[in-house]
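S.K.: Sequence:
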Amino acid sequence: MDAKTSAVAAGTLAVVGAAVGYVIARRKAKYESKALKLNSRNNKDNPVAEYIQSHLQPLHPAQEKLIKITDSVPRRRMLSDSLEMQLIHNVLMSMGAKKTIDVGVYTGFSALTVALAIPDDGKVVACDITMDYPKYGVPVWKEAGVDHKIDLRIAPAVESLQKMLDGGEEGTYDFMFIDADKSNYDNYYELGLKLLRPGGLMALDNMLWGGQVMDQSVNDKDTIALRAMNDKIAKDDRVNATHRVPHFGDMMSAKMKYTRRV
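For what it's worth, the numbering used here labels the leading residue of the sequence shown as 1238, then goes sequentially.
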(Lines of atoms letter the chains of each structure in order from A and count residues from 1; the text may use other names and numbers.)
(Lines give C-alpha, C1' and ligand atoms only; values in the text may rest on other atoms or scores of the structure.)
Protein backbone atom coordinates (compact mmCIF):
# COMPACT_ATOMS: atom_id res chain seq x y z
CA MET A 1 0.00 0.00 0.00
CA ASP A 2 2.77 2.37 -0.93
CA ALA A 3 3.45 4.87 -3.68
CA LYS A 4 -0.20 5.56 -4.36
CA THR A 5 -0.03 8.51 -6.67
CA SER A 6 -3.12 8.52 -8.85
CA ALA A 7 -2.18 10.20 -12.10
CA VAL A 8 -1.57 10.17 -15.80
CA ALA A 9 -0.24 6.68 -16.39
CA ALA A 10 -0.80 5.72 -12.79
CA GLY A 11 -2.98 3.30 -10.90
CA THR A 12 -3.88 -0.14 -12.17
CA LEU A 13 -6.90 -2.14 -11.15
CA ALA A 14 -6.74 -5.80 -12.09
CA VAL A 15 -9.66 -8.16 -12.02
CA VAL A 16 -9.19 -11.85 -11.82
CA GLY A 17 -10.35 -15.42 -11.54
CA ALA A 18 -13.75 -16.28 -10.24
CA ALA A 19 -14.52 -12.66 -10.30
CA VAL A 20 -14.36 -9.45 -12.13
CA GLY A 21 -11.14 -7.98 -10.91
CA TYR A 22 -9.47 -4.68 -10.90
CA VAL A 23 -5.90 -3.74 -10.32
CA ILE A 24 -5.16 -0.18 -9.33
CA ALA A 25 -1.59 0.91 -9.40
CA ARG A 26 0.35 4.10 -9.35
CA ARG A 27 3.57 5.22 -10.90
CA LYS A 28 6.21 6.75 -8.69
CA ALA A 29 9.97 7.34 -8.84
CA LYS A 30 10.86 9.05 -12.11
CA TYR A 31 7.18 9.01 -13.13
CA GLU A 32 6.04 10.69 -9.95
CA SER A 33 6.11 14.28 -11.19
CA LYS A 34 3.60 13.42 -13.91
CA ALA A 35 1.51 11.41 -11.49
CA LEU A 36 1.15 14.27 -9.06
CA LYS A 37 -0.44 16.42 -11.75
CA LEU A 38 -3.55 14.28 -11.62
CA ASN A 39 -3.36 13.08 -8.04
CA SER A 40 -6.92 13.14 -6.75
CA ARG A 41 -5.63 13.13 -3.18
CA ASN A 42 -4.36 16.66 -3.70
CA ASN A 43 -7.28 18.25 -5.49
CA LYS A 44 -6.39 21.77 -4.40
CA ASP A 45 -3.25 21.57 -6.52
CA ASN A 46 -4.86 19.43 -9.20
CA PRO A 47 -7.44 21.19 -11.39
CA VAL A 48 -8.26 18.07 -13.40
CA ALA A 49 -8.97 15.91 -10.36
CA GLU A 50 -10.80 18.80 -8.71
CA TYR A 51 -13.00 19.19 -11.79
CA ILE A 52 -13.77 15.46 -11.86
CA GLN A 53 -14.60 15.40 -8.15
CA SER A 54 -16.87 18.44 -8.50
CA HIS A 55 -18.89 16.63 -11.17
CA LEU A 56 -19.44 13.49 -9.11
CA GLN A 57 -21.71 12.86 -6.17
CA PRO A 58 -19.97 14.13 -3.02
CA LEU A 59 -18.23 11.72 -0.71
CA HIS A 60 -20.14 10.50 2.31
CA PRO A 61 -19.44 12.68 5.39
CA ALA A 62 -17.80 9.67 7.06
CA GLN A 63 -15.43 9.29 4.12
CA GLU A 64 -14.51 12.96 4.31
CA LYS A 65 -13.92 12.66 8.05
CA LEU A 66 -11.70 9.60 7.71
CA ILE A 67 -9.64 11.29 4.99
CA LYS A 68 -9.03 14.24 7.34
CA ILE A 69 -8.12 11.92 10.21
CA THR A 70 -5.70 10.01 7.98
CA ASP A 71 -3.96 13.26 7.01
CA SER A 72 -2.27 13.20 10.42
CA VAL A 73 -1.57 9.46 10.48
CA PRO A 74 1.86 8.01 9.57
CA ARG A 75 2.22 6.68 6.01
CA ARG A 76 -0.73 8.77 4.87
CA ARG A 77 0.08 8.00 1.23
CA MET A 78 -1.27 4.50 1.83
CA LEU A 79 -4.79 5.95 1.81
CA SER A 80 -6.84 4.64 -1.11
CA ASP A 81 -7.58 7.15 -3.86
CA SER A 82 -10.99 8.78 -3.41
CA LEU A 83 -11.92 8.80 -7.11
CA GLU A 84 -11.05 5.14 -7.45
CA MET A 85 -13.04 4.34 -4.32
CA GLN A 86 -16.04 6.15 -5.80
CA LEU A 87 -15.72 4.00 -8.90
CA ILE A 88 -15.61 0.82 -6.82
CA HIS A 89 -18.59 2.05 -4.78
CA ASN A 90 -20.67 2.54 -7.92
CA VAL A 91 -19.61 -0.77 -9.45
CA LEU A 92 -20.53 -2.66 -6.29
CA MET A 93 -23.93 -1.01 -6.15
CA SER A 94 -24.52 -1.84 -9.81
CA MET A 95 -23.63 -5.50 -9.35
CA GLY A 96 -25.60 -5.83 -6.13
CA ALA A 97 -22.56 -7.01 -4.18
CA LYS A 98 -23.24 -8.29 -0.68
CA LYS A 99 -20.29 -10.41 0.54
CA THR A 100 -16.90 -8.73 0.22
CA ILE A 101 -13.28 -8.97 1.37
CA ASP A 102 -10.78 -6.18 2.10
CA VAL A 103 -7.13 -7.28 2.41
CA GLY A 104 -4.98 -4.49 3.84
CA VAL A 105 -7.19 -2.16 5.87
CA TYR A 106 -4.85 0.72 6.81
CA THR A 107 -7.17 3.35 8.39
CA GLY A 108 -10.27 1.71 6.96
CA PHE A 109 -11.19 3.96 4.02
CA SER A 110 -11.65 1.13 1.52
CA ALA A 111 -13.61 -0.97 4.03
CA LEU A 112 -15.82 2.03 4.79
CA THR A 113 -16.40 2.70 1.09
CA VAL A 114 -17.41 -0.89 0.42
CA ALA A 115 -19.61 -1.04 3.53
CA LEU A 116 -21.47 2.05 2.35
CA ALA A 117 -22.12 0.40 -1.02
CA ILE A 118 -23.53 -2.91 0.16
CA PRO A 119 -26.94 -3.60 1.76
CA ASP A 120 -27.55 -3.52 5.50
CA ASP A 121 -27.16 -7.29 5.75
CA GLY A 122 -23.97 -7.25 3.67
CA LYS A 123 -20.50 -8.08 4.97
CA VAL A 124 -16.93 -6.82 4.61
CA VAL A 125 -14.31 -9.22 5.95
CA ALA A 126 -11.49 -6.75 6.64
CA CYS A 127 -8.07 -8.39 7.05
CA ASP A 128 -5.03 -6.73 8.59
CA ILE A 129 -1.98 -7.80 10.56
CA THR A 130 -2.21 -5.03 13.18
CA MET A 131 -4.64 -2.63 14.85
CA ASP A 132 -2.11 0.21 14.60
CA TYR A 133 -3.95 1.82 11.68
CA PRO A 134 -7.48 0.31 11.64
CA LYS A 135 -8.03 1.80 15.11
CA TYR A 136 -8.44 5.20 13.43
CA GLY A 137 -11.25 3.99 11.23
CA VAL A 138 -13.25 1.87 13.68
CA PRO A 139 -14.95 4.87 15.40
CA VAL A 140 -15.78 6.36 12.00
CA TRP A 141 -17.32 3.09 10.84
CA LYS A 142 -19.53 3.21 13.92
CA GLU A 143 -20.52 6.85 13.37
CA ALA A 144 -21.44 6.00 9.77
CA GLY A 145 -23.66 3.18 10.99
CA VAL A 146 -21.81 0.49 9.04
CA ASP A 147 -19.66 -1.08 11.74
CA HIS A 148 -22.03 -4.06 11.95
CA LYS A 149 -21.16 -4.87 8.33
CA ILE A 150 -17.39 -4.89 8.88
CA ASP A 151 -15.81 -8.02 10.34
CA LEU A 152 -12.27 -6.91 11.24
CA ARG A 153 -9.87 -9.84 11.52
CA ILE A 154 -6.40 -9.13 12.92
CA ALA A 155 -4.14 -11.94 11.71
CA PRO A 156 -2.00 -12.72 8.66
CA ALA A 157 -4.45 -12.39 5.76
CA VAL A 158 -3.37 -15.70 4.23
CA GLU A 159 -4.49 -17.41 7.43
CA SER A 160 -7.79 -15.53 7.54
CA LEU A 161 -8.59 -16.33 3.91
CA GLN A 162 -7.68 -19.99 4.34
CA LYS A 163 -9.95 -20.24 7.39
CA MET A 164 -12.78 -18.86 5.27
CA LEU A 165 -12.19 -21.60 2.71
CA ASP A 166 -11.93 -24.23 5.42
CA GLY A 167 -15.25 -22.94 6.73
CA GLY A 168 -17.00 -23.76 3.46
CA GLU A 169 -17.13 -20.26 1.95
CA GLU A 170 -15.60 -21.11 -1.42
CA GLY A 171 -17.30 -19.33 -4.32
CA THR A 172 -19.57 -17.20 -2.13
CA TYR A 173 -18.00 -13.73 -2.27
CA ASP A 174 -18.82 -10.96 -4.74
CA PHE A 175 -15.83 -8.64 -4.36
CA MET A 176 -12.29 -8.59 -3.02
CA PHE A 177 -9.94 -5.61 -2.68
CA ILE A 178 -6.21 -6.25 -2.18
CA ASP A 179 -3.91 -3.46 -1.03
CA ALA A 180 -1.37 -5.09 1.25
CA ASP A 181 2.14 -6.59 1.32
CA LYS A 182 3.22 -7.15 -2.27
CA SER A 183 5.16 -10.37 -1.68
CA ASN A 184 1.88 -12.08 -0.78
CA TYR A 185 -0.19 -10.78 -3.69
CA ASP A 186 -0.01 -14.13 -5.48
CA ASN A 187 -1.24 -15.94 -2.37
CA TYR A 188 -4.10 -13.47 -1.93
CA TYR A 189 -4.93 -13.77 -5.62
CA GLU A 190 -5.15 -17.56 -5.57
CA LEU A 191 -7.12 -17.71 -2.34
CA GLY A 192 -9.36 -14.94 -3.63
CA LEU A 193 -10.17 -16.80 -6.83
CA LYS A 194 -11.43 -19.67 -4.71
CA LEU A 195 -13.52 -17.43 -2.47
CA LEU A 196 -15.04 -15.30 -5.23
CA ARG A 197 -18.04 -16.47 -7.19
CA PRO A 198 -17.86 -16.74 -10.99
CA GLY A 199 -18.42 -13.22 -12.30
CA GLY A 200 -17.24 -11.65 -9.06
CA LEU A 201 -14.81 -8.74 -8.85
CA MET A 202 -11.25 -8.49 -7.55
CA ALA A 203 -9.26 -5.28 -7.24
CA LEU A 204 -5.49 -5.28 -6.69
CA ASP A 205 -3.80 -2.00 -5.88
CA ASN A 206 -0.31 -0.79 -6.85
CA MET A 207 0.09 -3.06 -9.87
CA LEU A 208 2.26 -0.55 -11.75
CA TRP A 209 4.22 0.32 -8.60
CA GLY A 210 5.16 3.78 -9.70
CA GLY A 211 6.15 2.49 -13.13
CA GLN A 212 8.91 0.39 -11.61
CA VAL A 213 7.41 -2.87 -12.89
CA MET A 214 8.39 -1.71 -16.38
CA ASP A 215 11.97 -0.91 -15.43
CA GLN A 216 13.98 -4.13 -15.59
CA SER A 217 16.81 -2.48 -13.67
CA VAL A 218 14.57 -2.30 -10.60
CA ASN A 219 14.59 -5.65 -8.82
CA ASP A 220 13.60 -5.16 -5.22
CA LYS A 221 11.31 -7.78 -3.66
CA ASP A 222 8.06 -5.82 -4.05
CA THR A 223 8.69 -4.83 -7.66
CA ILE A 224 9.58 -8.39 -8.63
CA ALA A 225 6.39 -9.66 -6.99
CA LEU A 226 4.17 -7.14 -8.75
CA ARG A 227 5.89 -7.66 -12.10
CA ALA A 228 5.26 -11.39 -11.77
CA MET A 229 1.60 -10.76 -10.91
CA ASN A 230 1.11 -8.62 -14.01
CA ASP A 231 2.64 -11.35 -16.16
CA LYS A 232 0.55 -14.02 -14.48
CA ILE A 233 -2.78 -12.24 -14.82
CA ALA A 234 -2.09 -11.49 -18.48
CA LYS A 235 -1.74 -15.23 -19.15
CA ASP A 236 -4.37 -16.51 -16.72
CA ASP A 237 -7.18 -18.16 -18.71
CA ARG A 238 -9.39 -18.23 -15.63
CA VAL A 239 -10.07 -14.54 -16.09
CA ASN A 240 -10.83 -11.96 -18.73
CA ALA A 241 -8.64 -8.90 -18.23
CA THR A 242 -8.47 -5.44 -19.72
CA HIS A 243 -6.70 -2.13 -19.06
CA ARG A 244 -8.24 1.26 -18.81
CA VAL A 245 -6.60 3.94 -20.96
CA PRO A 246 -3.65 5.29 -18.92
CA HIS A 247 -5.26 8.56 -17.92
CA PHE A 248 -6.67 9.37 -14.49
CA GLY A 249 -5.73 6.00 -13.04
CA ASP A 250 -4.70 3.53 -15.79
CA MET A 251 -7.02 0.84 -14.53
CA MET A 252 -6.69 -2.76 -15.57
CA SER A 253 -9.72 -4.96 -15.06
CA ALA A 254 -10.34 -8.65 -15.46
CA LYS A 255 -13.51 -10.64 -15.14
CA MET A 256 -13.48 -14.25 -14.08
CA LYS A 257 -15.02 -16.60 -16.57
CA TYR A 258 -18.29 -18.15 -15.54
CA THR A 259 -17.17 -21.61 -16.59
CA ARG A 260 -14.31 -22.83 -14.44
CA ARG A 261 -11.58 -24.92 -15.98
CA VAL A 262 -10.87 -28.13 -14.10
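There's no promise every hint is true.
Cβ pair distances, simulated, as ranges [claimed, not checked]: (1) M1368 - V1285: 31 to 39 Å; (2) K1400 - H1297: 24 to 32 Å; (3) D1357 - D1452: 45 to 53 Å.
Just so you know, these hints were derived from the structure itself, not from any lab.
Here the structure is a predicted model, which is why all the values come from computation and not from measurement.
Glycine is no exception: its CB is placed at the ideal position from the N, C-alpha and C atoms.
S.K.: Please go over all the hints and tell whether each is borne out by the structure.
M.R.: A quick look at each hint next to the structure:
M1368 and V1285 have their C-beta atoms about 37 Å apart, which keeps the hinted 31 to 39 Å range intact. Against the hinted window of 24 to 32 Å, the Cβ-Cβ separation of K1400 and H1297 comes to about 31 Å, which satisfies the hint. Under the hint 45 to 53 Å, the C-beta atoms of D1357 and D1452, about 46 Å apart, fit the expected range.
Going through the hint list in order, the structure satisfies each hint without exception.
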